[in-house]
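Since the structure of chain A is already known, use the hints to place chain B on it.
Chains as they are written, first to last, in numbering that gives the first Met the number 0: chain A, 0 to 428; chain B, 0 to 428.
Just so you know, the hints here were simulated from the structure itself, not pulled from any lab data.
Here a beta-carbon is modelled for each residue, glycine too, at the ideal position from N, C-alpha and C.
Don't take every hint at face value.
[Stated by the list, open to error] Label-pair distances were calculated between CB atoms; the ranges are: (1) A:Ala-172 to B:Leu-419: 38 to 46 Å; (2) B:Gly-170 to A:Ala-113: 37 to 45 Å; (3) A:Ser-55 to B:Gln-195: 50 to 58 Å.
Number of protein chains: 2
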Amino acid sequence: MTQKTQILNLNRFDPDSAHAAPELLRARMRHAGASSVLFYAEPVEMVRGEGVWLTSAEGRRYLDVYNNVPSVGHCHPKVAEAIAKQSATLTTHTRYLNRVVETYAERLLATFPAPLSNLVMTCSGTEANDLAMRIAEAGTGGRGFIVTEAAYHGNSAAVNEISPSAWKSRGPAAHVRLVPAPKAPGFDAAVAAAAQSLDAAGVGVAALIVDSIFSSDGIFADPAGFLAPAVAAVRAAGGLFIADEVQPGFGRTGTGLWGFARHGVVPDIVTMGKPMGNGYPMAGMVTRPDLLAQFCEETGYFNTFGGNPVAAAAGLAVLDVIRDEGLVENAREVGAYFRAGLAELAARAPVMGEVRGAGLFIGLDFIDPERGTPDAAQAGRTINALKQKGILIGAAGLYGYTLKIRPPLPFSRDNVDFFLQVLAEVMAG
Amino acid sequence: MTQKTQILNLNRFDPDSAHAAPELLRARMRHAGASSVLFYAEPVEMVRGEGVWLTSAEGRRYLDVYNNVPSVGHCHPKVAEAIAKQSATLTTHTRYLNRVVETYAERLLATFPAPLSNLVMTCSGTEANDLAMRIAEAGTGGRGFIVTEAAYHGNSAAVNEISPSAWKSRGPAAHVRLVPAPKAPGFDAAVAAAAQSLDAAGVGVAALIVDSIFSSDGIFADPAGFLAPAVAAVRAAGGLFIADEVQPGFGRTGTGLWGFARHGVVPDIVTMGKPMGNGYPMAGMVTRPDLLAQFCEETGYFNTFGGNPVAAAAGLAVLDVIRDEGLVENAREVGAYFRAGLAELAARAPVMGEVRGAGLFIGLDFIDPERGTPDAAQAGRTINALKQKGILIGAAGLYGYTLKIRPPLPFSRDNVDFFLQVLAEVMAG
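Just chain A, same shape as in the assembly:
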């Protein structure tokens, strides 16, 4: 087992472990085989979700500080109702016109800056990023992509090539260049060098693609604006800028709906997914009409489930709830309160390092107190200990030492207080 695999496995159920396997777990191992990835040394069976809470089969309630798909709250009644109603009315594809679908598309596009006026709806963030890559290739003639070293953009063959965090032992393909996460100044210089290297290799530059809050790299939000010179660098080399908003999008960063806006840049392509339908499988890609037209000249693109009326109804309900419940503001305010509380705790706990983030997307490093180096084992122990005390959370980053804090957006100050109290208990041993 490589070191990377060991780190990846810290927070996973080990199928070879000696734990007695209940019947459901045996069923999972049997049908999912090698593809099964279960959280926790002792996996949890979930049966119900409501707001920021998940309930297990034993009737235990867990505070959800991890799941960003049910972004407006687990099983939000307005979204569930919209899905139920439209599922009983009409589910079809975009080769017929439909008022719910066309309305949703127009309303979603109204949240983007002017040149970004075309939307293609897909089923997953993977499909959105896969399409974005092809549009970038068609639009530039380049085939090269620049990504951060622990990025994750999805699971298709093409998107896997730009998702180093899903690789186990192999390195990047010839058309991919990795740049370090923006921990320190110099991100733009690294991007410029990567573009030059792609050009020198005769591959050309299709795009720089980044998650605008660098979720898998360990969450890097500040200083707001640091992306702008990197975007300028890739454009100077003839490449496009793709903002992957699958994780930060739909209000999580606390300033408008989109993470890229904090950096004062307008991407050429934006992709989105996870929270778009609060759990209904839907995603999308937004771009300029000229780029989409260039791609469509050579390739017919149709997505059977993408943009079906139920997806549109779910998406409309999500936009309504974000607005009606003030979730962007809540993400900003509760997120700031959360970071302040974490920083206070970290000041007293030597194994806790930097607290980073924007809105309700927060990273907290665990470090070896003497050497200041990443301590993924401490992060893994903390995650399992928090679960024992009824809190769900995960890890991120190249070395898996960053606690990934991204609860559903209706997270309250009370929820924060509870989390901080339990975390303090866990740290006290």
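Quick look at chain B alone, frame taken from chain A:
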């Protein structure tokens, strides 16, 4: 405009046409841009679906003889109810255990022959085929794929490479070989030659992948068993056989759930999608544990929405309805009645050629009566004329001259009679 593009456009709304564009159509053109593909010279706005019927905004009812996603009937109340109930209870991912999900996986796998005992759930047939390709590459060391000349397997970068029907002017990439649709004996010889050519090129053979009823190629079902020697040929060359059941699967061919079974073969990988959730976005890939394990050794695969509890609940309801309403038997019986009626009509209409198919997946060729050559224009006129008379249908095949008949599975003999009567009227002019 190439000839191929012209053929593709026969049954499409032309954005440059002079038709007055209502407000909804203008919205669509504005937001979907070049990616919009609308059926019919005058697109239809749909508002409601029930059983085998769709209702337009003008209140007109259309008999659906085309849509294979709402396979157990549009908005089937049992599926809609399952979706509604689970959406209000829990929507999460497969990193927790869940009884609905594990139950569905086991029940679905029970419909496959023994070596096929692992399932990976995805959001779309595209994702399932994309994963199947990577598993075939990892399992064989080969990179080459053999596909039929008008195949369609999906829309990702990798799957587009094996989907000639989505290409506009370009030809196959170096790792792809096209074989003619199995219109006549010799399919196995063509596959063997393609495999040899891939080997000679140093690419190696990863897999032969076919839609087991050749939907996009024009629907080729008989003689049952013709696939077996082709599968043997690709295996002799070290490649795998992937059965793409996205279109024929879940009972449509009238003998069991899977189209490959008619041919007496056991695939190495099976992919499925469209009718799996009756419109809920879900799909899957089934394979042998050894193949999945080999792939997972190098690559972490996780699908956020794949296998969520709502998908599983929808999938379970679909399996229940197929069983409880005898839809496989209905597909077989009504399908045979349908083909007999079409053959009778074709015997009297010189522009109608061969009738082919299995169960409720039927192809009907339109030909130039004097030369016997494909007549896509006639197919396009017929499709638009049928729509004027309240019937929805489409075309398939390399030259677009085959009427693609694949209604929801509860299609009745009365529905067939109505269709045949209207088709006869249209043909009589």
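Now the hints, each set against the structure:
no.	hint	result
1	A:Ala-172 to B:Leu-419: 38 to 46 Å	violated (54 Å)
2	B:Gly-170 to A:Ala-113: 37 to 45 Å	holds (38 Å)
3	A:Ser-55 to B:Gln-195: 50 to 58 Å	holds (56 Å)
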